[in-house]
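Number of protein chains: 2
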Amino acid sequence: MDLMRTLLPAILCYLCISLGGAQTVLLNNMYGIVHSPNFPEPYPKEREIQWNISVPDGYQIRLYFMHFDIEPSYLCEYDYVKVYSETEELAVFCGRESTDTELVPADEVLLSPGNVLSVAFRSDFSNEERYSGFEAHYSAVDIDECRDKNDEDLACDHFCHNHIGGYYCSCRYGYQLHSDNRTCKVECSDSVFTEHSGQFTSADFPKPYPKSSDCLYRIELEKGFLVNLEFDDSFDIEDHPEVMCPYDHIKVQAGDRELGPFCGDRSPGRIQTESNIVNILFHSDNSGENLGWKITYTATSSECPVPIVPPNGHLEPLQSQYFFKEHITVTCDPGYTLQKDGEKFEHFQIQCQTDGAWSSSAPICEKKESRRSRSSVASVPTDPIMH
Amino acid sequence: MDLMRTLLPAILCYLCISLGGAQTVLLNNMYGIVHSPNFPEPYPKEREIQWNISVPDGYQIRLYFMHFDIEPSYLCEYDYVKVYSETEELAVFCGRESTDTELVPADEVLLSPGNVLSVAFRSDFSNEERYSGFEAHYSAVDIDECRDKNDEDLACDHFCHNHIGGYYCSCRYGYQLHSDNRTCKVECSDSVFTEHSGQFTSADFPKPYPKSSDCLYRIELEKGFLVNLEFDDSFDIEDHPEVMCPYDHIKVQAGDRELGPFCGDRSPGRIQTESNIVNILFHSDNSGENLGWKITYTATSSECPVPIVPPNGHLEPLQSQYFFKEHITVTCDPGYTLQKDGEKFEHFQIQCQTDGAWSSSAPICEKKESRRSRSSVASVPTDPIMH
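Top line first, the protein sequences correspond to chains A and B. Residues in the first sequence are numbered consecutively from 1, following the UniProt record's numbering. Residues in the second sequence are numbered consecutively from 1, following the UniProt record's numbering.
Just so you know, not all the hints are guaranteed correct.
[Said to hold, decoys possible] Using C-beta positions, here's what the derived DEER-type ranges look like:
hint, chain 1, residue 1, chain 2, residue 2, range
1, A, Asp144, B, Glu88, 23 to 33 angstroms
2, B, Leu154, A, Leu111, 22 to 32 angstroms
3, A, Ser191, B, Glu88, 44 to 54 angstroms
4, B, Gly114, A, Ala106, 36 to 46 angstroms
5, A, Ser73, B, Met244, 52 to 62 angstroms
6, A, Ala106, B, Glu88, 41 to 51 angstroms
7, B, Val109, A, Leu26, 49 to 59 angstroms
8, A, Asp214, B, Glu46, 33 to 43 angstroms
9, B, Phe125, A, Ser191, 28 to 38 angstroms
10, B, Gly114, A, Met244, 51 to 61 angstroms
[Unchecked claim] Here are some chain A residues the structure puts well away from chain B; computed CB gaps all over 10 angstroms:
hint, residue
11, Asn52
12, Glu89
13, Glu97
14, Leu110
15, Asp142
16, Gly288
17, Val306
18, His314
19, Leu318
20, Gln339
Since the hints were made in silico from the structure, they are not lab data. Ideal placement from N, C-alpha and C gives every residue a C-beta, glycine not left out.
Kindly produce the complete structure, drawing on both the sequences and the hints.
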């Protein structure tokens with residue numbers, strides 16, 4: 001501390017440049033004093049000095065006056081102290097007390113919008129009285145970016161941590177800070193669904209989904225099953241009125257087909273993917289507060305045509321639709337026997353296959369010849385079924 | 001700012017020292033993160049880590065937790081997070097929520113009394129469940145010494161200017177900062193009084209006199225005059241109940257004599273210095289708020305004895321006392337003439353001198369001799385007075 005204080009006298013004229021009549025003083029310290037020439041003695045006539053104060057990014061500059069006594073003149077046209085930030089004039093002061101047209105700084109504290117501030121002093125060729133001048137103090141003040149950053153696109157997604165000279169962001173437990181150091185992404189690409197039905201949602205659904213995330217949800221069923229997706233009516237993905245889903249979107253990859261991108265607030269509804277392997281890709285960018293989506297999936301399988309019931313026989317079970325892996329047992333009325341390809345059977349079973357075809361065509365029912373009998377049960381050689 | 005943020009990962013383990021079973025991590029940055037081992041994964045068993053955070057003088061350390069999940073145990077005897085400042089234990093935390101006997105940090109913000117803070121983590125040999133640990137953030141915060149320094153003996157005498165990392169003092173217009181960088185002295189040694197009477201006071205009287213000042217007030221009259229000082233009843237100089245004026249005092253130097261030191265609240269009253277040159281020395285130390293003193297001085301001069309009125313003559317003016325520079329004109333009754341040392345005078349004047357003696361003895365009045373006459377007026381040769 002004492003070191004800081006003993007340094008004080010040294011900080012006043014860190015670098016002085018004389019430019020024509022006006023003298024320019026560069027001040028790069030974190031705090032200091034600016035005063036009129038010869039202070040506390042009266043200031044000389046015909047002097048122009050400009051102090052350019054600059055502090056690092058992440059700071060503003062606070063300036064206030066401890067003494068002020070400058071020759072008064074209408075609109076401060078003779079002698080004055082002006083305070084600028086870059087090119088913007090923040091204040092003009094002269095006199096010993098404020099009037100309708102001229103101001104003195106009094107207890108006013110000036111704050112630079114950015115990290116630079118200039119103080120300009122000027123005295124004209126004559127002073128009717130002797131004026132003692134001014135003494136001003138400045139110091140860098142930390143910007144609380146967490147409080148001041150109101151732009152949603154620049155602010156921290158989850159948590160903002162201010163520190164002297166800067167700030168940083170962090171994320172809730174379970175999230176990771178994106179490389180933009182601002183948004184919080186989730187790990188959302190390790191889901192593989194193998195059940196015949198299920199449900200999944202965007203992370204945090206129905207709360208807004210995480211930003212800056214690329215998620216892959218994979219449904220992987222055995223061959224012969226076809227995945228059907230049903231998007232919930234509650235569907236909300238950031239969109240754009242003219243461009244097709246430029247920010248966030250969900251896509252469905254099913255075999256060679258890609259469906260989407262989908263976004264907006266209209267649910268894509270039901271999608272029959274006609275594939276047993278489906279990837280759902282969800283991308284979110286670094287902004288937006290949209291509520292996401294929910295998918296319920298079911299599996300359907302290949303459908304086989306309803307077989308023609310053989311005369312004098314019947315099918316068990318008798319259905320209007322038959323899907324992959326379903327069986328039909330063919331039996332004949334009493335006095336008739338199953339026969340196919342020259343062989344006779346007590347029972348005959350066919351199965352609906354992956355490709356939507358029956359494992360075999362149905363046998364026929366032939367009138368029994370009482371002298372002959374066969375009791376073997378067989379399936380077609382290409383798809384044998386034992387029971 | 002972005003630079004600051006990209007530096008963040010690098011600040012975590014600035015210097016790690018392994019001491020026996022416990023690991024010590026030194027953190028000297030202005031901000032950073034401390035978290036349990038493997039975070040956000042569950043912490044391992046049998047670990048002891050201590051993070052010693054230190055920031056420069058002029059700062060305190062703020063610590064707060066963003067996530068906390070430590071195995072609960074009665075009085076946190078198994079796993080815990082402890083926060084220390086030097087040797088003082090500021091907090092002990094464990095569990096997932098606070099109970100009657102154990103605390104979690106929740107939204108509590110811990111502030112180090114000084115510029116160091118330690119966080120200690122310990123896990124015991126077993127965890128019944130998997131606990132995810134903790135994440136804490138710290139940052140240096142500027143101490144506003146101007147607000148916090150309550151000790152009058154250390155605070156700024158007039159104005160205090162806080163800045164990030166420190167502070168400095170300044171003085172009102174007309175005062176100078178003492179080399180202690182804290183108190184404000186006045187320039188008060190350029191007063192020389194040559195009038196026969198006058199008045200002067202401690203600076204700012206009757207408000208408290210400036211600290212750290214050594215003032216010399218000099219009264220310098222021509223020889224033959226004697227200075228009388230009259231201290232006003234309103235007298236207040238910092239004193240001590242046992243020691244004689246160890247802090248502030250006023251002294252009077254008059255010729256070879258030194259009077260004082262005087263202090264306290266009893267006026268020294270009237271002092272006849274018996275000297276024409278008097279120095280009044282006033283010393284104030286760097287503390288105290290005492291109201292000072294006021295001196296009115298007058299001059300008296302050397303007194304000459306009342307001369308004997310010569311028979312048949314008279315003195316003009318006739319007074320009970322005669323002082324330096326006063327004259328007496330001796331005249332004789334009608335029919336008598338002034339005579340001294342064989343010479344005759346119409347008038348005769350004697351003067352009271354510096355040393356309290358008359359410039360000459362008085363002449364005598366002798367009966368006029370009508371035939372002789374002199375009209376010259378003369379003074380004694382040693383001290384001629386013309387009129």
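Here is how each hint holds up against the structure:
1. In this structure the hint that aspartate 144 of chain A and glutamate 88 of chain B lie 23 to 33 angstroms apart at CB holds, the actual value being about 29 angstroms.
2. Hint check: leucine 154 of chain B to leucine 111 of chain A, Cβ distance near 29 angstroms, so the stated range 22 to 32 angstroms holds.
3. Between serine 191 of chain A and glutamate 88 of chain B the CB atoms are about 49 angstroms apart, so this pair conforms to the stated range of 44 to 54 angstroms.
4. For the hinted restraint 36 to 46 angstroms between glycine 114 of chain B and alanine 106 of chain A, the CB-CB distance of approximately 37 angstroms keeps it satisfied.
5. Checked against the given bound of 52 to 62 angstroms, the beta carbons of serine 73 of chain A and methionine 244 of chain B, roughly 57 angstroms apart, stay inside it.
6. Judged by the Cβ atoms, the range 41 to 51 angstroms given for alanine 106 of chain A and glutamate 88 of chain B holds: they are separated by roughly 44 angstroms.
7. Under the hint 49 to 59 angstroms, the C-beta atoms of valine 109 of chain B and leucine 26 of chain A, about 39 angstroms apart, miss the expected range.
8. Checking the proposed 33 to 43 angstroms range against aspartate 214 of chain A and glutamate 46 of chain B shows it holds: the Cβ atoms sit about 38 angstroms from each other.
9. At roughly 36 angstroms, the beta-carbon separation of phenylalanine 125 of chain B and serine 191 of chain A lies within the given 28 to 38 angstroms, and the hint holds.
10. Distance hint for glycine 114 of chain B and methionine 244 of chain A: a CB-CB separation of about 60 angstroms, consistent with the stated range 51 to 61 angstroms.
11. The Cβ of asparagine 52 of chain A lies farther than 10 angstroms from every Cβ of chain B, with a closest approach of about 19 angstroms, so its non-interface assignment holds.
12. Glutamate 89 of chain A, annotated as away from the interface, keeps every beta carbon of chain B farther than 10 angstroms; the closest lies near 25 angstroms.
13. Distance check on glutamate 97 of chain A: its Cβ is at least 15 angstroms (rounded) from any Cβ of chain B, clearing the 10 angstroms threshold; non-interface status holds.
14. Distance to chain B confirms leucine 110 of chain A as a non-interface residue, since its nearest Cβ pair spans about 15 angstroms, more than 10 angstroms.
15. With 10 angstroms as the threshold on Cβ separation, the claim that aspartate 142 of chain A sits away from chain B is violated: the shortest Cβ distance comes to roughly 6 angstroms.
16. For glycine 288 of chain A, the requirement that its beta carbon stay farther than 10 angstroms from each beta carbon of chain B is met, with the minimum near 22 angstroms.
17. Distance check for valine 306 of chain A against chain B: the nearest CB is about 55 angstroms away, which clears 10 angstroms, and the non-interface claim stands.
18. Histidine 314 of chain A, annotated as away from the interface, keeps every beta carbon of chain B farther than 10 angstroms; the closest lies near 60 angstroms.
19. Annotated as non-interface, leucine 318 of chain A keeps its C-beta farther than 10 angstroms from every C-beta of chain B; the closest such distance is 55 angstroms.
20. With a least CB separation of 67 angstroms from chain B, glutamine 339 of chain A remains clear of the 10 angstroms interface cut-off, as annotated.
Against the hints set out earlier in the document, violations occur for numbers 7, 15.
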